[in-house]
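Undergrad: Spelled out from the first residue to the last, the chains are:
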Amino acid sequence: MIEIKNLSTNLGDFCLEDINLTIDDREYFVILGPNGAGKTVLIECIAGLHRIKHGEIWVDKNQITHLTPEERNIGYVPQDYVLFPFLNVAENIAFGLRQTKYSKAEVQERVKNLANLLGVSYLLNRGIRSLSGGEKQRVALARSLALTPKILLLDEPLSALDLQTAKYLRSDLRHLHKELGVTTLHITHNQIEAEEMADRIGILDKGRLEQVGRPDEIFFYPQSEIVSDFIGTPNILECEHCRTLGQGLTEVKSSGLPIIIPHEGNTVRRIALFPRDIYISETKPPGPQVNRFKGTITNIKTSGATVRLKVKVGGNTLQAEMPRDIFEDMDLTVGKEVFLILKLRRIRVFEGQDSG
Amino acid sequence: MFKVLKGVGGERAFKGATVSALALLTIFLVGIVVSVLTYTDWNTFVSAILSEEILFAIRLSLSTATVATIISILIAVPVAYAISQTEFPGKNIVDSMLDLPIVISPIALGAVLLVFFNTQIGGGIDNNIMKFVFAVPGIILAQIIVISALAIRLLKSTFDSIDPRYEQVGRTLGCSKPEVFFRVTLPLAKDGLIASAILTWARAVGEFGATVTLAGATAMKTETLPTAIFLSLATADIEKAIAVILVLIIIAVVALLAIRKIIGRRYPL
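First to last, the protein sequences are chains A and B. The opening position of the first sequence corresponds to residue 1 in this note's numbering, with each subsequent residue numbered one higher. The opening position of the second sequence corresponds to residue 1 in this note's numbering, with each subsequent residue numbered one higher.
Keep in mind that the hints were calculated from the coordinates and are not lab data. Be aware that one or more of the hints could be misleading.
Said to hold, decoys possible - Derived lysine to aspartate or glutamate pairs resembling EDC-like cross-links, with alpha carbons at most 20 Å apart:
#, chain 1, residue 1, chain 2, residue 2
1, A, LYS312, A, ASP331
2, A, LYS104, B, GLU179
3, A, LYS5, A, ASP80
4, A, LYS178, A, GLU196
5, A, LYS284, A, ASP329
6, A, LYS53, B, GLU87
7, B, LYS261, B, ASP191
8, B, LYS190, A, GLU91
9, A, LYS61, A, GLU27
10, A, LYS301, A, ASP331
11, A, LYS167, A, ASP229
12, A, LYS284, A, ASP331
13, A, LYS101, B, GLU179
14, B, LYS177, A, ASP60
15, A, LYS301, A, GLU196
Work out the full structure, taking the sequences as your base and the hints as a guide.
TA: In structure tokens form, the structure reads like this:
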């Protein structure tokens, strides 16, 4: 368990203001925030790389605030991996083990096991420079896990990777976390990544922890305008009727509007639709009319490269968003009838008790 | 004037001017080397180089430069690391002071040392601990004074170019500060270290001003290669002087080629 109490510090342009946070044992916690929010400073404080001005950091009832990094036993994977270029893959993974009492054979065995776990066994004798981004990330993870740390800190582990590699690594990271049960703090600016990975999310902006909660709590009950703006101000629809269709699908009704959602099980109380996940078409889209509705534009607002439109559909008014160049290619005006297409996979579901 | 040089014509004229400067300098350098080579015939060259005096000078130069380089690097590594990684008040002033030996004339540095050994403390060291004035240790000391500043400058830029995050990651992997210096920073600085050692060594081999002022120019005693040139010219023995010049040119070329090779394979940081 990590407990951060009243942590404040500043480092150049970045600062942290009175951070209070408890991360439970075996939890996968994601700090989500825009660039420059102070995310990296926060995990570097936990790793012991900066002296903090005020506050305390505790791990499992031991205060570690004044310990040096080597005394903390915290695994740390920096953003661009920082593998040692003068060592090969196996030597990089074994780096931390060379300080310990392990014999040479034990070190080799441990390196082999870690390489297997992360799927980099075939790389062990390779130099660092010949590795791809995804391979480097796996090697850096193996290296940080070699000393069986109690806590693992990941600084934007997926942001430098191409989409496909990031997708694989995302599921591998979850898998690894499940298998090793190491308490993990992952920082990212990517909302979808945070939502998919996190047990809980903390929203950090300008050095302040704005909100902490489960992903659905954050999306359905943003507690401040900053959080709401950052996550993209979703359309929240109350559901008055809920019917399971099977095969992972449920139909809900909101003000009479029948919407199919990717969900099975408990009753759904609310759904959230992000404006960027609602498409607008001037003509009736072909195919089955699932999650496709006719509506009337009531408002058009341009801000920078995006255009936000309000569309009245039955008893609901939905906010949609589209890139400006696409908007200009279409002939959309207030009062015009259009068709809305809701992206099924991106509909968020809230089934819990009200909390905010 | 720059208006006239617009367009393709201007581009050509500019390229022509810079390349001509390069060509002129290259021709000049090659020309003087060739003129030295053609001045003497092979047999005179070989007999000059195999004379006892020149062999002594070669041995003395190579051994003193090697000892001076090892000591300078041992001093320069901690100093350069401290300047590169530590912030303290007055750092800029200290940093500039360390450059003084690079810009001050070597003969002035030698004279300063000579004056020091004439003071009470310096004289005590010279008479009771180790003889420096007009002796071989004086050569090494003079070389160290001249080259250690160069070694510090080169190593500082090496340490500056190392991302501090390598050390940070090393620390999170259980290394203490000294461990991380030896296991992470020094291996990362290896190429820079070797290149600085070669450059400072080559500079030490060629050092004359400070050496001759402190250690004197006694044949077969404190006669290094540059001193040998000086002594040969003083006695109008041009063949001998040329033989020694060629030895120095060969040493310089080998050193420069070695550095090219090392810098060519440096890690992209």
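Undergrad: Are the hints correct? Go through all of them and say.
TA: Hint by hint, here is what the structure shows:
1. For a cut-off of 20 Å, the pair hint linking LYS312(A) to ASP331(A) stands: about 18 Å separates their Cα positions.
2. Note on LYS104(A) and GLU179(B): the hinted pairing holds, with a Cα-Cα distance of about 19 Å set against a maximum of 20 Å.
3. Annotation: proposed proximity of LYS5(A) to ASP80(A) is violated, straight-line Cα distance about 29 Å (limit 20 Å).
4. Distance hint between LYS178(A) and GLU196(A) is fulfilled; the C-alpha atoms sit about 14 Å from each other, no more than 20 Å.
5. Taking the CA atoms of LYS284(A) and ASP329(A), the gap is about 17 Å. The hint holds against a cut of 20 Å.
6. For the given pair, LYS53(A) sits about 18 Å from GLU87(B) by alpha-carbon distance, which is consistent with the 20 Å threshold.
7. The suggested pairing of LYS261(B) with ASP191(B) holds, with an alpha-carbon distance near 10 Å, which does not exceed 20 Å.
8. Note on LYS190(B) and GLU91(A): the hinted pairing holds, with a Cα-Cα distance of about 18 Å set against a maximum of 20 Å.
9. Between LYS61(A) and GLU27(A) the CA atoms are separated by roughly 17 Å; this keeps the pair inside 20 Å, and the hint holds.
10. At roughly 15 Å between alpha-carbon atoms, LYS301(A) and ASP331(A) fall within 20 Å of each other, so this suggested pair holds.
11. A C-alpha spacing of about 26 Å is found between LYS167(A) and ASP229(A), which places the hinted pair above 20 Å, so the restraint is violated.
12. For the hint pairing LYS284(A) with ASP331(A), the CA-to-CA distance comes to about 15 Å; that is within 20 Å, so the pair holds.
13. With a C-alpha separation of about 16 Å, the suggested pair LYS101(A) and GLU179(B) falls inside the 20 Å cut-off, and the hint holds.
14. The suggested pairing of LYS177(B) with ASP60(A) is violated, with an alpha-carbon distance near 26 Å, which exceeds 20 Å.
15. Annotation: proposed proximity of LYS301(A) to GLU196(A) is violated, straight-line Cα distance about 31 Å (limit 20 Å).
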